[in-house]
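Student: Going down the list, the protein sequences come from chains H and B. Counting in the numbering used here, the first sequence runs from 671 upward without gaps. Counting in the numbering used here, the second sequence runs from -15 upward without gaps.
Read the hints as simulated data drawn from the structure, not as lab findings. As the structure is a computational prediction, the values presented were derived from the model and not from experiment. Take these hints with a grain of salt, some might be off.
What the hints assert, rightly or not - Here are the simulated distance ranges between beta carbons: (1) Arg289(B) with Glu779(H): 37 to 47 Å; (2) Pro674(H) with Ala80(B): 47 to 57 Å; (3) Gly264(B) with Glu789(H): 19 to 29 Å.
The beta-carbon is built from N, C-alpha and C at its ideal position, and this holds for glycine as well.
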Amino acid sequence: MSEPALNRILHVDDEADIREVAKLALEDVGGFTVESCSSGAEAIERAAAFGPDIILLDVMMPGQSGPEVLKSLRRMPETAETPVVFMTAKVQAREIEALKQLGAIDVIEKPFDPMQVSELVNDIWSRRNVR
Amino acid sequence: MFGRRPSPAEKLAALRASYGSALPGKLAELQAAAQPLFDASPAEETRDVLDSVRGHAHKLAGGAATFGYGVVSDTARELENVVTSLIEQEEPPDSASRTTIRKLVTDLAEAARHECNPSEGSGTSGSQDPTPAPDGGLVIVVASEDEIGNALADRVEASGFAVHRLSVDAVVPQLLTGPEPRAIVVHSALAGALTAGRSAANECRRRSRADVPLICVAETDEFESRMRAVRAGARAYVTEPVDASSLKRAIEDLSSAAPFAPYRILIVEDDEQLAAQCAGAFDGPGYAVRILSDPRELPDRLATRDTELIVMDMSVAGASGLDLARLVWQYEEFQKIPIIFLSPGPEFNRQILSVGVSDDLFVPRPVDSHALCTRALRHLRSSRDGRYPRSHRDVVRELDRIASLLTHGGDNRSGVGVQHARPSDGRAAIAVAPRVLVVDDDRHIVDAIAITLAAHGIEVLRAFNGEQGYKVALGEHPDLIISDYAMPNGSGDQMLRRLKATADTKDIPVVILTGHTLDGRKDYALEREMLGRLAAVSYLAKPIDFAALVAEVGRILNLDDSASA
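Pulled out of the complex, with its shape left as it was, chain H reads as follows (with noise of 0.2 Å):
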């Protein structure tokens, strides 16, 4: 059976700007369809109607942070799978592993390049099984 290609994500960052770039970049470069939330809350309350293939989720967030939202939507039967990758400016070794061990798949580092991202996430996407 062919693995099944990433298609839907679930973008989530409290700053406009960076939920403006990272849909111009997986959209119109990496041809995904993407929903952008500006919370956790927003995230929580759309994920499963949306049914996302994967969800990028910001770390540092007003309201809910990052890990916060994604102990939300592992209590959700329609998320509880969704692989996470977490978004975020702190990259030292030991906080990518933190962040692993609460459940995400991968880190993403800030900044990303926008020309780049699609193909990493997509890189992602092809090895979560992988682990």
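Using the hints, position chain B against chain H.
Tutor: Relative to the frame of chain H, chain B by itself:
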């Protein structure tokens, strides 16, 4: 009529310009968040203020870097690191920390002023790779693939310069590659060219190459047109018709004839991995980096006069970074060379800030490449310009204070909680602090133990494998050795056997640290082996309980509670 659909790169350039326009607002929010720290009677809880400042700085660091505002991002990241360190220490920031924060907030505003672009539209056309530079050097020409663009590129080429032609949308920082240009020439008739030219100049500056002048060629000599060029940072405004010789004069007048020489950095580090990481931090900006693993070769290497800045670990095997710095600066001819120290961690930076010493020469480990690069750049620029933030004498005085902090816990004015070691029989404080050799292949563990013991008035020697440990013990005769059990290049038990077989070292007590435990509890069989066959005096399990370690050291060295409390 339908317009052409913008490409991703064009959209990206537009988003970048939009982010640039929004930067002043974001900075104003950060300044407002930080203001209570500078008020005489802050109305808000300090922790809340610090959290808020950290949040703003974090977002700025990530966002600005994504959109290519490198200096803003680097400065914001440095601010975030400083504030994070304050939050972790769980104490209100002192005046030195507040000064540092205020300075970084000011630096941010300055960086944004340099990098922020007025929003303009964007044009289109392709880009091509730079041709090899002839003697005249390379000039970036931002121009469209049309008659005006072609004519401009031809005239620059005819002036004796190699041309690297870029379209407006190619001046996204990630796409700006190639050798250092002497100048950037734009034609104002192309929409977005001034903005793109300014972006290119900023990017060159961000990469520490030099202030590359921006030259605007325009059709008319109108006030508004000139003002737009001034706002974009253009150094020269040339009105058409422009011939090749006029362009040549403008470029040569504004740029140095000598090509910009990359900064030359010497990294003194015996840990290959850490040295490579530090060298990697300077890869992007294209600095010339050399690594020196043996600190004894430092004076000879400096004698070749090709070092502008030294990055030095505070704990190179067999030497202290502070002592090495003093040694370097004993030579009058090297006193102008700034040294960036790799400090043991944020806790160390916090400690020196708390005794009123600036931490602008200390980058904490694990090393953040951006922080290292930014800090180094600041000193390199000052050094080349002949401007020094502090006099050499002041820096040496600061190092003396830090050395005093490390060995004796600093003076009482600092309020840092350290006491001098005392013998338990009530005699006067011992004149020389007890010396403990710490041996572990994990530098973070060595540094963590060193900081902990130094805070209790104990001098610490360091080694990173059993072989080094044996040599340091033989040469320095420490009062106690704390050693890891399993290490590459000479494990703890081999070192212990050699120490016990050597007359000069056989009586030095040894505490063994080991990760070999049974479900986190002591492995009593292993303990018997260590205390029996290996003749260690004590055995502590990892992860280290630092309070227990300090108590054990105090017990073995017969120090009273004031030293080990």
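Student: Which numbered hints turn out to be false for this structure?
Tutor: none
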